[in-house]
Amino acid sequence: MHAGIIFFLVILGSVLFHIFTPWYWTDVASNWGGMDDTITLTFWVGGGVFIAVCLFMIYCVFKFSYKENRKAEYKPEDKKLEKILTVATTLGVAALLAPGLIIWNQYVSVPKNALHIDVMAWQWGWQYRLPGNDGKLGTTSVRNIDDNNPFGINLDDPYGSDDILVMSDKINLKNNRPVKILLRSVDVLHNWYVPQFRAKMDAVPGTVTYYWFEPNKVGEYEVLCAEYCGVGHYAMRGMVEVQEENKYEEWVNEQETFASYVAKQKNIELQEKKLAKK
Amino acid sequence: MTETNNNKEQASTHKIGIYLWIWGLLFVLSFFSYMVDWYQFQGILRWSLILFFMFLKAGLIMAFFMHLFWERYALVNVLLWPMTAIACFIFLMVAEFEYLLFSRLFYFVVGG
Amino acid sequence: MSEEFNDNKTIQAQSSEVMTGGAAGATPDMDYVRPAEIPEQDLYHAHSFITKWVFCQDAKVIGVQYFLLATFTGIVGLILSWLMRLQLGFPGLAGFMTAEHYYQFVTMHGMIMVVYFLTALFLGGFGNYLIPLMVGARDMVFPYVNMISFWMFFIAVAVLMASFFVPGGPTGAGWTLYPPQTILEGTPGSGMGILLMLISLSLFVIGFTMGGLNYMITVLQARTRGMTLMRMPLTVWGIFTATVLAMLAFPALLVSAIMMTLDKVLGTSFFMPTILKAGEVLEYGGGSPILFQHLFWFFGHPEVYIVALPAFGIVSDLISVHARKNIFGYRMMVWAIVGIGALSFFVWAHHMYVSGMNPWFGFFFATTTLIIAVPTAMKVYNWILTLWRGNIRINTVMLWCLGFIVTFVNGGITGIFLGNVSVDVPLSDTYFVIAHFHMVMGIAPLMVIMGAVYHWFPLVAGRMLDETLGKWHFWITFLGAYSIYFPMHYLGFIGVPRRYFEMYDSPYMTSAVGMNEFISLAAFIVGAAQFILIFNIIKTLKTGKAAGQNPWKANSLEWYTSTVPPEHGNFGDRLPVVHRWPYDFSVPGAKDDFIPQTTPPSEVVHTEVEKT
Amino acid sequence: MSDPNIQGYELKPGFRGMAKDTGSDQTMFKGVHWGKAMMWIFLLSDTFVFSCFLISYMKGRGSTPEEWPNPSEVFALDAFGVPVPLLLIAIMTFVLITSSGTMAIAVKYGYEKNRKMCGWLVLATAIGGLTFVGMQAFEWSKLIHEGVRPWENPFGAPQFGSFFFMITGFHGTHVSIGVIFLFIYAYKVFAGHYDTGKRGWFTSMKGDYVEIEILGLYWHFVDLVWVFIFAFFYLW
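Chains as they are written, first to last, in my numbering: chain A, 1 to 278; chain B, 279 to 390; chain C, 391 to 1002; chain D, 1003 to 1238.
So that you can see chain A by itself, here it is in the shape it has in the complex:
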C-alpha cells in the first residue's frame, strides 16, 4: 500500500515540478521555434504516456497486491489487445516523427539569401570571417595559417582578398537575415552553440560543416562550445550580438579586410626591419 502511495507522489511531484519549474528554456531568438513546438508536442504525448503507464501500474499495486486466497488470472496472450496497442503506438510515434523530419528538412536546406559566415575554432577560442563585396568566401587551408594569415586563406584564391576578418570571439549578426554558419576547426572537434538560437553543429577538423538560422531578436547572446574539446572546453566562450540593419552595416564597415590586414602586417614588418637596421 505504502509503495503505491509513494509511487503516486513521485508521479505527482514530477508533474508539479514541470508546472512550477523556474528552469525552462530561454526565449527562442531565431527561426527555430518549430523545434520548441516539436519538443512541446513530444512532451505532451510522451508525458501523457508516462503518466498513464505509471498510474496503471500504481492502480495494479493497489488493486492486486498479494492475498493468500486470491488466484491471479491465467491469460498468456491477448492478440487483439496487443494488435491495438501496436497500431496505436506506431501511429503515435509516426505523429512525432513527422514534424521532426519536416523541420530537419528545413534545417539542412539553407535559403539562397543566407549570409555565409566562416567560424574558425581552435583550442580554445573562436574567430570569424565574412565574405567581402564579392559575396564569396575564399578557400582555406590549415597549412597556410601563420601571423600574416590568421585564417589560412589560400593566397591564390581571388575570392579571398576582400574577405572581412573578425579577429575576436564576438560576432555581430543582422536581425532577420538568415546566416549560414560554416564551421571549421584547426585542431579538434568543437561546436558553435547559442542556446537561444537552438541550432548547433560540430566543427570538424579536415572538413567544413554547416547549419543555418535566422536571428529574429536583437540582443547579445553567449556562445558556448558544445562538443568536448579538451581541458579548456568549459571556458571556450564567445559572443553574438544581433543588431538592426543600420547598426550592423556600421559595424561591418569598421572591420578589416584580408587585403588591408596583409598590407598592415607587411608595414609592421618593414618598420621592424628598419628599426633593427638602425
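It is worth saying that the hints were derived from the structure and are not from the lab. Any given hint could be a false lead.
Unchecked claim - Okay, derived cross-link-like pairs now, DSSO-like style, lysine-lysine, Cα gap no bigger than 27 Å in a straight line:
1. Lys247/A with Lys170/A
2. Lys71/A with Lys861/C
3. Lys1190/D with Lys293/B
4. Lys932/C with Lys264/A
5. Lys67/A with Lys981/C
6. Lys266/A with Lys667/C
7. Lys1208/D with Lys442/C
8. Lys654/C with Lys1144/D
Knowing the structure of chain A, use the given hints to seat chains B, C and D on it.
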C-alpha cells in the same frame, strides 16, 4: 571437444572429386581476376569483373570448402543474415565518404 | 585423471527415463520427450583450491567472480561520480580538483560504468550463473575457455586501473574517446592514459568474445530435453540476444581501438586530419574524425542494448514470479527482444546528428530510431499488463521492478526526444542527454540488477536477504536517483552543455546553482545507500534465514537443482526434462499457483494449461 | 556437415526445415558439434572485424583528395628485368588457395579417420601457410625498403601505407596463428590423439577428428578474407 556425436560413423563425407573440382575452379577464377589487372581493364567493367570473381570465389570457398552448402538452413541463415548490417554500414559509408570528399574539395580547393 | 571426469556416465540413463515416465492414468505418449541428442557433458571436476575457486571452470563460480570484480569496478565508478558531483554542486570545495582531474573522472566513470560494470555484470555475472541453470545444462559448453574469459576480463580491469597511476593519469577524453583530441596534448592522459585505455578495451573485447561464444553455444546447442527456444525464460532470451549483439558490435570497437592505437603510436592518420597545434602543423593529415564516430557508435548503440536487453529479460521474469501471473504476451516479448536487437545495428548515427556527418543521414536514422520505440513500448505494456489481475507480492524484488518501470518509461520517453532528429538539435550535448541515458541505461538496469540480487541471492548463498534493509535500500536509491536525474532534464532545456567543469557566471547556470547543489547531495546519499546492500549481504551470510528449495515458488529450472546452492554439474545424476514454459502461474485447476517446468502433462491433465 | 539423420529431425530443405530446427528442443543446429558451432560464430564475429577494417579503408580511400597510389605498379615485381604487375601477390594467392585445397581434403580424410593422409595434408597446409607468411614478410620488407611507411609513402596518399600495413598485418596475424595451430594439430594427428581420444594438454578435452574440421573452417576463413583483400586492396 566436450562431446562426441554418437553417430559419428560418417554419413556425410564426399567424394574427393568435388574438392578437386572446386580447387581447380578457384585457381581458374583467381587467374581470371589476375587477368583483369593484367589487361588493365578500366572503369565499370573492371569493378564489376573484380566483384564478380571475388564473390564467386568467396561463394565457392564457403559453400564447399566450409561445407555451408551441405549444412542445414538454420546454420546458414544465422551466418548470413547479420551481413545485412554490414551491407547497411557499407552503403551508408559510401554516402558518407562522397559527402566528405565533396566538402573537402568544395571548401578547401574549389571554393565559391 | 580418470577421477576428474565422469568417463563412465552414458547417455542411456536419460533415454530410459522416457520409457518409464508418465503417471498412472495418463498415456505415456502424452509425456513423450525426444531422447537426448547430445551426450552427457564431459566435465572437469576440480580438487585443489586453485582449480576450484581461482582458475575455476564452473560457470557458477565464474559468474560470481565476474559479479564481484564488476561490482568492484562499479564502486570505483561510483566514487568517481561523487567526486564529479562534488565539483559540480560545490565548485572549489575539493581543493585538488582541477579541470584535468574532473575530465579524467568523467571519462573513467563513463567507461567503467558502461563497459566494465554493466556489460560485465549482466553478461559475465548473470549470464554465466543463470544460462546453464535455466536451460538445463550441466555447465557452459567450453568451461576452460570460460575460465580464460574471466581472467582476460581481470587483466583488462587491472590495465584500466593501472592507468590511474601512470604519468599523466588516466585518459580524460570523454568515454566516447573522440579523436583528434583524445590523443593530442590539451587532453589529460593523452600519453600513457589513452594507450592503457585502448589496450584494456581490446583485452576486454577478446575476453568477452570467449565468454560470448560460450553463452551463445550453450543456449543454441546445449539445452536440456524438452527445452525449446520458446520455452526459455526471458532472462535467457535477453542475455542471449545481448550476447549476439556484443559478438557483432565489439568488433567495431576493437577495430577503432586498433586504429587509434596506431594513430597514437605510429603516427598514422586514420582519424587525424591536418592539425595546427600551438602554431605548428602536426605530422598528421588526411584522416577523418567522423569515421571514428561511425565505428564507435556502430559498437556504441548495440552496446546500449547489450545493457538493456538482459535487464528487460530479467525484469520480465521477476515481475512474472512475484505477480504470480504468466508474463503477458510471451511471444511478443521474445520477438520484441529479437527485433530490438536486430534494429539496433541500423540506428547508430542518431548519436551523431550534429556531428557534421552527411546531413541526409538524419532522415534515415530518425526513422529507424523511432521504429525501435514500438517494440520497446510493447514490452512496457506487457510488463504492466502482467501486473493486471495478478496477485502481486509487494516485496523488495517487486519494488525494484516497479522502480524499473517508472525510470525506464521516463528514460524511454526522453529517448524519443533525442531520437527525433530535429528535436535532438537543441538538446544534444546538454544535460538532457546525461539525464536521459542515466535514467534509461544507468538507473533502470541498476534497478533490475538490484532486484535480481534480491531474487537470486537465496539460490547463490542459500539464505534470504533481509527484507527491511532491502526496502530501505530500494526507497533511498529510487527516490534519490529519481530526484538526481528528473530535474537534470531541465538543465538541458536551459541549454547547459555537458562536460563543463564549471560555468563561470553564465546566466544559464547561475539560475541553477541551487538545483546543482541538491542533485549533488542526492547523489551522495544514493551512492552511500548502496553500501546498505553490502551490509545486508554480510549480515545475511552470517545470520540470514535459510532459503530452502525454491523460496519464491518459481517455475524455471534454476530452482530445481539437486541442492541449494547448486553444486558443480548443477542437476545431480539426471538432467531435468522440460514439458512447458516457465510461466505457468495460477493455472486454473492446478493444485498450487505454480507448475514447474519439469512437471509432465500427465500430472496436470485437468488444468487449462497453455500449450507451449 | 550437419547430420541429416537425427531422430525426429531428419533433414528438411529450405525455410521449413529451418523453422522446424529452430523450434526444436536441445539444439538448434542439428548434429553440429559444439566446437564447430563455436568456430562458426567466432568467424561471424571475425567477419565483422575484417568488414570494419575494409569499410574504414573504403572510407579513408574514398574521402582523401590526394592521389591514391596505383597498386598494380606499387606491387609490381621485376621478373627477368621486366616489371610484372602483382606478381608476388598472384603467387601468394596461388599458395593460399593451394593450402586451402589441401585443408579441405585433410578434413575429408579426417572424417574417414584416415590418420596418415589427414596428417600429411594438414602438414602440407601448414607449410603452405608458412610460405605465405614468408612471402608477406618479403613483400613488407620490399615496400619498407622503397620508403613506404605506415605514416607516409612516396607514391601518394599517406593512408595507403597505413591501411596496407594494418589490414595485411591483421590478416597475416591470423595466418600465423593458423600455421601454429596447423603444426600442433598435424602432430596430434600423427600421434594418434584423435584416434584414442587423448585429452588435450591445456583444455583437458577429449581429442576427436572433428577438431580438424574446426581448424579447417578457420583456415578457409583466412583464405576467404584474402579473397576480399586481394580484390579490394590489390586489384581495385
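Now the hints, each set against the structure:
About 15 Å separates the Cα atoms of Lys247/A and Lys170/A, which keeps this hinted pair within 27 Å; it holds. The suggested pairing of Lys71/A with Lys861/C holds, with an alpha-carbon distance near 26 Å, which does not exceed 27 Å. For a cut-off of 27 Å, the pair hint linking Lys1190/D to Lys293/B stands: about 25 Å separates their Cα positions. The straight-line distance between the Cα atoms of Lys932/C and Lys264/A is roughly 83 Å, outside the 27 Å bound, and the hint therefore fails.
Distance hint between Lys67/A and Lys981/C is fulfilled; the C-alpha atoms sit about 17 Å from each other, no more than 27 Å. With a CA separation close to 25 Å, the supplied pair Lys266/A and Lys667/C stays within the 27 Å bound. A hinted pair counts as satisfied when its Cα atoms are at most 27 Å apart, and Lys1208/D with Lys442/C qualifies at roughly 21 Å. Between Lys654/C and Lys1144/D the CA atoms are separated by roughly 25 Å; this keeps the pair inside 27 Å, and the hint holds.
In summary, the structure is inconsistent with hint 4 from the numbered list given earlier, while agreeing with all the others.
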